[in-house]
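Participant: Respectively, the protein sequence lines represent chains A and B. To get my numbering, take the position in the first sequence, counting from 1, and add 194. To get my numbering, take the position in the second sequence, counting from 1, and add 14.
The set of hints was computed from the structure by calculation and includes no laboratory data. One or more of the hints may lead you astray.
Taking lysine-lysine pairs in the DSS-like style, the calculated list, with each CA pair at most 25 Å apart, reads [to be verified]:
hint	chain 1	residue 1	chain 2	residue 2
1	A	Lys361	B	Lys152
2	B	Lys21	A	Lys960
3	A	Lys641	A	Lys653
4	A	Lys325	A	Lys276
One side only, chain B facing chain A, incomplete, derived with CB under 7 Å [unchecked claim]:
hint	residue
5	Phe17
6	Gly61
7	Tyr62
8	Asp64
9	Glu65
10	Thr87
Note that beta-carbon positions come from the ideal geometry of N, C-alpha and C, so glycine has one too.
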Amino acid sequence: MSDETVNIEINGEPLKARKGQMVIEVADDAGIRIPRFCYHKKLSVAANCRMCLVELEKAPKPMPACATPVGEGMKVYTQSPKALSAQKNTMEFLLINHPLDCPICDQGGECELQDLALGFGRGVSRYTEGKRVVSDPDLGPLISTDMTRCIHCTRCVRFTEEVAGYKELGATGRGEQMRIGTYIEQTVDHELSGNVIDLCPVGALNNKPFRFRGRAWEMTQHAQVSPHDPVGSNLWAHVLRGEFLRAVPRDNESINETWIADRDRYSNEGIYSEERVTTPLLRGKDGLQPVSWSEALEVAAKTLSDVIREHGADQLGALAAPGASVEEHFLFQALVRGLGSNNLDHRLGQVDFRSDGAEGHYPWFGITLEEIESLDGAMVIGSSLRKEAPMLAHRVRKAALNGTRVGLVNPAHYSYQFPTSGHLVRHGAELVTAAAEVVVALSEQLKASVPEEVQGLVKNVEPGAEARAIAEGLAAGESRWVMLGQLARSHPNWSELRALGLAAAGMANARFGVLSDGGNSAGAALAGVLPHRGPGAQAVKDAGLNAHEMFVSPRQAYLLLDCEPARDAWDSAAARDAMAGADKVIALASFMNEDLRQQADIVLPVGVYAESFGTRVNGEGRWQSSQGTVQPPGEARPAWKILRALGNVLELDGFEQMDPEEVLRDARAAIGEPGPGEENLDGVELAQPARPKGLWRLGEMPIYAVDALVRRSEPLQQTRDGRAAEARLAPADAEQLNVNDGDAVRVSLGNRGCRLLARIDTALPKGSVAVPVGLAETEGLGPRHGGVTVERI
Amino acid sequence: MKFHATKEFLPEDMREMINERVSRYPEGWQRSAVIDALREAQHRNGGYLDERWMDAIADQLDLPPIDVYEVATFYSMFETRPVGRNSVSICTNISCMLRGSDEIVEHAEKKLGIKVGQTTSDGRVYLKCEEECLAACKGAPMMMVNHKYHENLTPEKVDEILDGLE
Numbered sequence: 195m196s197d198e199t200v201n202i203e204i205n206g207e208p209l210k211a212r213k214g215q216m217v218i219e220v221a222d223d224a225g226i227r228i229p230r231f232c233y234h235k236k237l238s239v240a241a242n243c244r245m246c247l248v249e250l251e252k253a254p255k256p257m258p259a260c261a262t263p264v265g266e267g268m269k270v271y272t273q274s275p276k277a278l279s280a281q282k283n284t285m286e287f288l289l290i291n292h293p294l295d296c297p298i299c300d301q302g303g304e305c306e307l308q309d310l311a312l313g314f315g316r317g318v319s320r321y322t323e324g325k326r327v328v329s330d331p332d333l334g335p336l337i338s339t340d341m342t343r344c345i346h347c348t349r350c351v352r353f354t355e356e357v358a359g360y361k362e363l364g365a366t367g368r369g370e371q372m373r374i375g376t377y378i379e380q381t382v383d384h385e386l387s388g389n390v391i392d393l394c395p396v397g398a399l400n401n402k403p404f405r406f407r408g409r410a411w412e413m414t415q416h417a418q419v420s421p422h423d424p425v426g427s428n429l430w431a432h433v434l435r436g437e438f439l440r441a442v443p444r445d446n447e448s449i450n451e452t453w454i455a456d457r458d459r460y461s462n463e464g465i466y467s468e469e470r471v472t473t474p475l476l477r478g479k480d481g482l483q484p485v486s487w488s489e490a491l492e493v494a495a496k497t498l499s500d501v502i503r504e505h506g507a508d509q510l511g512a513l514a515a516p517g518a519s520v521e522e523h524f525l526f527q528a529l530v531r532g533l534g535s536n537n538l539d540h541r542l543g544q545v546d547f548r549s550d551g552a553e554g555h556y557p558w559f560g561i562t563l564e565e566i567e568s569l570d571g572a573m574v575i576g577s578s579l580r581k582e583a584p585m586l587a588h589r590v591r592k593a594a595l596n597g598t599r600v601g602l603v604n605p606a607h608y609s610y611q612f613p614t615s616g617h618l619v620r621h622g623a624e625l626v627t628a629a630a631e632v633v634v635a636l637s638e639q640l641k642a643s644v645p646e647e648v649q650g651l652v653k654n655v656e657p658g659a660e661a662r663a664i665a666e667g668l669a670a671g672e673s674r675w676v677m678l679g680q681l682a683r684s685h686p687n688w689s690e691l692r693a694l695g696l697a698a699a700g701m702a703n704a705r706f707g708v709l710s711d712g713g714n715s716a717g718a719a720l721a722g723v724l725p726h727r728g729p730g731a732q733a734v735k736d737a738g739l740n741a742h743e744m745f746v747s748p749r750q751a752y753l754l755l756d757c758e759p760a761r762d763a764w765d766s767a768a769a770r771d772a773m774a775g776a777d778k779v780i781a782l783a784s785f786m787n788e789d790l791r792q793q794a795d796i797v798l799p800v801g802v803y804a805e806s807f808g809t810r811v812n813g814e815g816r817w818q819s820s821q822g823t824v825q826p827p828g829e830a831r832p833a834w835k836i837l838r839a840l841g842n843v844l845e846l847d848g849f850e851q852m853d854p855e856e857v858l859r860d861a862r863a864a865i866g867e868p869g870p871g872e873e874n875l876d877g878v879e880l881a882q883p884a885r886p887k888g889l890w891r892l893g894e895m896p897i898y899a900v901d902a903l904v905r906r907s908e909p910l911q912q913t914r915d916g917r918a919a920e921a922r923l924a925p926a927d928a929e930q931l932n933v934n935d936g937d938a939v940r941v942s943l944g945n946r947g948c949r950l951l952a953r954i955d956t957a958l959p960k961g962s963v964a965v966p967v968g969l970a971e972t973e974g975l976g977p978r979h980g981g982v983t984v985e986r987i
Numbered sequence: 015m016k017f018h019a020t021k022e023f024l025p026e027d028m029r030e031m032i033n034e035r036v037s038r039y040p041e042g043w044q045r046s047a048v049i050d051a052l053r054e055a056q057h058r059n060g061g062y063l064d065e066r067w068m069d070a071i072a073d074q075l076d077l078p079p080i081d082v083y084e085v086a087t088f089y090s091m092f093e094t095r096p097v098g099r100n101s102v103s104i105c106t107n108i109s110c111m112l113r114g115s116d117e118i119v120e121h122a123e124k125k126l127g128i129k130v131g132q133t134t135s136d137g138r139v140y141l142k143c144e145e146e147c148l149a150a151c152k153g154a155p156m157m158m159v160n161h162k163y164h165e166n167l168t169p170e171k172v173d174e175i176l177d178g179l180e
């Protein structure tokens with residue numbers, strides 16, 4: 195857009211506008227309200243609803259304000275008799291076929307059509323002919339449809355095409371027969387699809403799980419922050435009679451703009467799952483029995499002291515979910531360290547910890563979300579970006595469409611919906627070589643020498659065309675970025691991938707970042723839920739065991755903070771065995787699962803993200819606090835309260851806080867201002883990865899299996915992404931194994947195995963089989979990445 | 015998104031024809047070739063389009079299938095359900111109406127035993143509902159049979175034409 199300024203007048207008010215801006219934008223900025231349906235600031239201009247007709251001086255007919263660019267000296271009248279008459283006539287036409295079913299429509303009370311009909315509609319309709327009726331397509335478990343209400347603004351169609359990146363909805367037929375839909379029976383599957391609900395100005399597309407459960411004017415609205423990925427999308431929680439009924443986006447241009455991912459929108463449905471733990475439970479003769487809080491805390495404290503007296507503090511292992519809040523993480527580590535153990539971690543999905551000492555103070559993107567849009571070149575290593583962090587993927591897509599050259603190095607051909615400079619796809623065991631190829635190509639491109647530390651990894655590596663294209667893209671322009679995703683972080687050769695990423699970033703003078711698990715891994719690291727660092731990234735004297743070591747060298751007792759080791763752990767088999775073999779397992783848990791039922795000695799019910807004050811640090815290093823919006827159900831309590839009470843019963847220091855704000859103050863004081871810290875390669879021993887025999891398990895974490903809450907959201911589980919319990923095979927491997935699409939196969943790792951349906955997927959390189967983690971079907975199966983056998987049954 | 019068919023479904027010569035059409039437009043405007051591709055597909059598929067053909071065309075043109083569905087359902091010349099082998103459209107727009115097209119329609123309906131919009135049970139004739147003037151007013155009343163115009167119609171002439179259809 196041009197920077198040239200023009201002078202215009204709206205309703206006699208002189209205004210300055212940028213040349214090329216549309217009248218409606220200038221009016222919006224000036225606070226002059228023009229009615230509209232199809233116009234949306236984040237979408238292309240369609241000008242098909244005609245509601246924003248305004249009068250222009252010297253124009254013979256009213257013009258749509260959304261599609262009329264401003265010009266010098268233009269005089270606009272938005273409420274002149276001519277403009278009002280045009281707007282009222284448009285409204286009359288729009289209402290011809292719109293049903294008068296507001297009393298049973300969920301949109302009632304927050305409906306743009308209803309609001310504007312009040313201002314521009316006639317009191318009584320002149321229309322006596324028959325109205326149009328449209329059948330409703332089934333768009334899946336998230337979006338309800340009442341297409342008779344549709345006014346054909348096409349906001350939803352433009353959203354799927356322009357923002358989501360794949361046009362799933364369209365307008366079929368013409369004239370009276372035109373309808374919005376998918377034409378064929380087809381669900382809408384994109385991970386941002388729920389945004390069409392907010393975009394729809396009428397009640398045609400609505401929140402399906404929320405249907406008929408509340409009215410806009412009955413609910414109260416509370417600011418929340420999503421805990422499911424490091425973006426930290428801002429939400430409004432809508433609450434009716436103490437129940438968190440739905441989530442909608444809270445505009446924040448620098449984080450989630452005006453959108454949220456479906457995972458953020460529908461995870462609240464998990465809060466009211468039947469698996470919620472609502473009373474403290476203690477193991478008795480007949481399994482877990484409800485007890486009072488005082489008894490539960492008493493026994494938990496005694497159990498912890500007994501274990502430490504008998505076996506030593508080293509025999510206590512403590513694991514926290516990366517989505518828990520800073521306050522919870524801080525008290526959790528204070529409790530465990532107060533008891534004398536450093537066996538503390540939140541990185542359950544990781545296996546390679548060789549780089550621990552050389553990593554920054556906390557995992558972060560290395561860049562702000564807004565800055566991504568102005569990059570020239572970027573490279574992402576090991577990330578199914580769209581599924582790992584949908585809103586981050588959206589930013590990268592925007593950047594790519596805007597000219598940023600984005601290259602990808604991945605263990606499978608993930609779909610991105612944007613043009614890339616190259617997509618280098620290699621077998622999981624060769625991912626390191628793939629990254630090395632880019633490093634070599636980059637050194638040739640930039641005439642820079644490969645850093646000494648990674649010389650061993652690039653020896654005899656000859657870059658292919660794709661690697662060269664990625665290197666060329668990354669070397670383009672001035673501002674550059676290298677990011678490693680969750681698949682890289684969970685890779686057995688994380689250290690090598692990280693080293694190569696750092697080497698590339700160093701050579702290209704690019705920023706370096708990491709996409710970590712959960713909504714607060716940055717906060718967890720800063721709060722000190724790490725075996726080798728306390729709050730504020732202070733090194734501890736005797737480093738404890740990391741998450742993986744705690745499972746492979748089992749401890750006598752475990753303390754869990756809202757994690758499900760058999761689903762979250764990198765080696766889920768070792769985790770399950772360790773829990774089963776432990777003398778005592780004390781779990782602070784929001785949800786029950788079969789493992790807890792079998793293995794836990796004490797279960798202390800905790801609140802989920804919206805149920806207590808909590809602070810989370812997102813991937814930009816941005817601290818965001820939100821209040822408790824609803825009460826935890828039954829006897830469940832916010833985890834910070836339970837941890838504080840446990841600290842008191844154990845007579846430890848530092849547990850005197852009266853409210854969570856005070857915990858946050860203490861945490862901030864202990865953390866200080868360490869900054870992101872330096873990423874380097876000091877003391878990291880790098881090795882050439884070995885390729886195991888047979889197939890390679892690519893352990894993807896499905897988008898709707900990332901944490902305990904999301905796993906309980908029924909609507910999300912019913913989506914296509916939620917039904918991910920499949921073993922996806924490359925066509926060549928399927929042929930060799932004599933497996934057809936849809937056949938049942940047995941996936942075995944050592945003596946563990948599970949039955950899954952096979953899918954033939956051309957996105958996978960030969961020799962790889964994608965067997966997801968985090969699902970009921972694959973829990974306890976074993977290592978997330980590595981050798982696996984598959985056979986037809 | 016699961017495709018009902020991929021581009022391999024299309025005959026080789028048809029794919030070449032589509033590529034040739036695409037080459038007539040600037041890069042990135044391959045959707046301009048949708049109409050030509052659909053017309054070809056309709057001819058090769060016995061007069062109508064189904065999801066296999068439409069999805070295959072979408073795949074060939076690297077478009078989401080809904081883009082192709084939108085075009086196919088917008089134009090009345092495309093059929094999206096099975097119809098008879100011979101397509102008969104009798105114009106009923108104003109010039110033809112003034113020259114007696116209503117009687118021609120009535121005659122054809124009676125002769126074929128079907129209403130406008132239907133196909134005879136033997137699948138021989140599809141009496142298409144024409145939506146707009148076919149621009150042959152000078153010869154009204156007129157009808158189009160398989161892309162061929164017949165003008166100055168009389169019931170006898172209609173009989174003759176319809177009887178001559180395979």
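Participant: Looking back at the hints listed earlier, which ones does the structure fail to meet?
Facilitator: 1, 4, 5, 6, 7, 8
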